[in-house]
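Protein chains: 2
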Amino acid sequence: MKKLMNQPEHFVKETMEGIIAAYGDKVRLLNGDYRILLSNYETRPGKVGIVTAGGSGHLPVFLGYVGQGLLDGCTVGNVFASPSASKMADMIRACDRGNGVLVLFGNYGGDRMNFELACETVDMEDDIRTEMVLVKDDVASAPACEKDRRRGVAGMVYAFKVAGAAAENGKTLEEVAAAARHALENIRTMGVALSSCTVPQVGEPTFSIAEDEIEIGMGIHGEPGLEVRKMMTADQVAETLVQKITEDMPLESGDEVSVMVNGLGATPLEEHLIVYRRVHALLTQMGVSIFMPHIGEYATSMEMAGLSLTIMKLDGELKGLLSQTARSPFYTNYNK
Amino acid sequence: MKKLMNQPEHFVKETMEGIIAAYGDKVRLLNGDYRILLSNYETRPGKVGIVTAGGSGHLPVFLGYVGQGLLDGCTVGNVFASPSASKMADMIRACDRGNGVLVLFGNYGGDRMNFELACETVDMEDDIRTEMVLVKDDVASAPACEKDRRRGVAGMVYAFKVAGAAAENGKTLEEVAAAARHALENIRTMGVALSSCTVPQVGEPTFSIAEDEIEIGMGIHGEPGLEVRKMMTADQVAETLVQKITEDMPLESGDEVSVMVNGLGATPLEEHLIVYRRVHALLTQMGVSIFMPHIGEYATSMEMAGLSLTIMKLDGELKGLLSQTARSPFYTNYNK
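So the protein sequences, as listed, match chains A and B.
First residue of the first sequence? That's 1 in UniProt numbering, and the numbers climb one at a time after it.
First residue of the second sequence? That's 1 in UniProt numbering, and the numbers climb one at a time after it.
In this list, chains with the same sequence are indistinguishable; a pair is considered to hold if it fits within one copy or across any two.
Okay, derived cross-link-like pairs now, DSS-like style, lysine-lysine, Cα gap no bigger than 30 Å in a straight line:
{"no.": "1", "residue 1": "LYS244", "residue 2": "LYS13"}
{"no.": "2", "residue 1": "LYS319", "residue 2": "LYS147"}
{"no.": "3", "residue 1": "LYS2", "residue 2": "LYS244"}
{"no.": "4", "residue 1": "LYS313", "residue 2": "LYS171"}
{"no.": "5", "residue 1": "LYS230", "residue 2": "LYS13"}
The set of hints was computed from the structure by calculation and includes no laboratory data.
Looking at chain A on its own, in the form it has when it is part of the complex (with noise of 0.2 Å):
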């Protein structure tokens, strides 16, 4: 296995050594614990705070978006695995202001356990009022009929950026999390992959694709998708994609959206334009415009190669929201 990694169980604290020595100013670790990351950037007094969790392995998701008008804490866990409820009430101990925190995180198993663990410790001890919102955007990962199925993944990014501002703005805790909700509602991902990630601590491919094959709807830890498939164009990718979200969140002429083309760590730029290019004109054939297009890598599998695309239907709050400055060592809206 080819990693640039020293032995694999310093993995995480060893990238997170890494966040501290090259952003230390505008992050930091709470008590000096390699699984807590702490915004340093300014923030208004009294802030609404919001958190996040979930297994490493996936950068810029999730230590990536502690920042400012984006996520005031980050707790995670080894690569694709929950850390531990204890851990996640350290982190929002630290980040509430007497308003509360929006605990906002993907819809797995183990991530649910224990931040519903560490939300009841806060309440109990320390009278910390907390609201849970779960990010259930992949489209692949169940039918509509069991929307409460279904994954996060990258379209998790948007729901931090919208909450992140309407904290920014002095929203209350309440109005934070239906801000999150109302743009989840609005959130639809579905990704492709074309080959595989490897956890550092197993050492060996998670699954295989053949040489001449795509799975479509492959999750972020490489849960089975829909079908795979024989390899398929940019253009044939985009319409599958496109074709997808639609049936499950419907398009009509006027609407605006926001689109992510998520790199999920292989898949060279080029190739995300390329396909950004044909989602770019089926939306505008439908009539859809869209705004503040997110291109690159946002929410990755390690060095799985592939692709994700996330839409964001936007009326006039969440496109306000959207646009607002945000910032952190991983993501600058760059609009401004």
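With chain A fixed as given, assemble chain B onto it according to the hints.
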């Protein structure tokens, strides 16, 4: 071969169509020519123009640096191939505001030959003054006694940034060229490769590296490096790169540098940070401080796995120019 593309011969045109579909408010084609990208950002009247050119397949290099405080224009060829002299001349004409154009590009035979011809043409036909500055930052590509043979790699991004800032400050063509040369005297890069890239129209990997080997000093088109070694740890890679660079450009206690850890395509951001962490420790031990680190993908080789390290030694002038505001669809000076 697995690439998210359509016909290989349309790879570059469709990449450019994607750029225009996404960022058509910020950049534009010259007269609809899919090989010439110009900036739409506001700039100082009479500003000295800055242009580059080179083969496709390296995004964000080269097209990604057309923006504000960076490049005014960029011409690209096919993947890993130089564009023509006539397109370069068209671009230079479009980027001259009456005060001349800096032609700043990597030291490759085809690009050099074509830019020399283009500069002669615009001098004779249009009376446009140009200065050529070649980037030769790759220490692995030739020994110190043959520095002029060295190739240009990721260090060119720092040169674009410094020259772009000098031009925005109203400097003359000679002053902007001098700033670029001064930056380049203080910039060194070296990389390692773990796997090959695949040129779309070739359809086969350019070279191969055994599953347990790493190539030290490989070029961004797969040019042979200094040596092939058994797979190394991230710390050993960092130590090797810092040693080779500082042998060529000695650093001493009290020096300040900027450091770029640049992913070549398929290497996860976590691994960039693990390498950065060790580079940071080594420089700190030497008494050298780091300003404005750049960690991520700045100059790639399609889906090649590996990374490069660039060190730019700073003085007051270079630090000021580096930290000035700059933005493009692919680069933001996040320190602002």
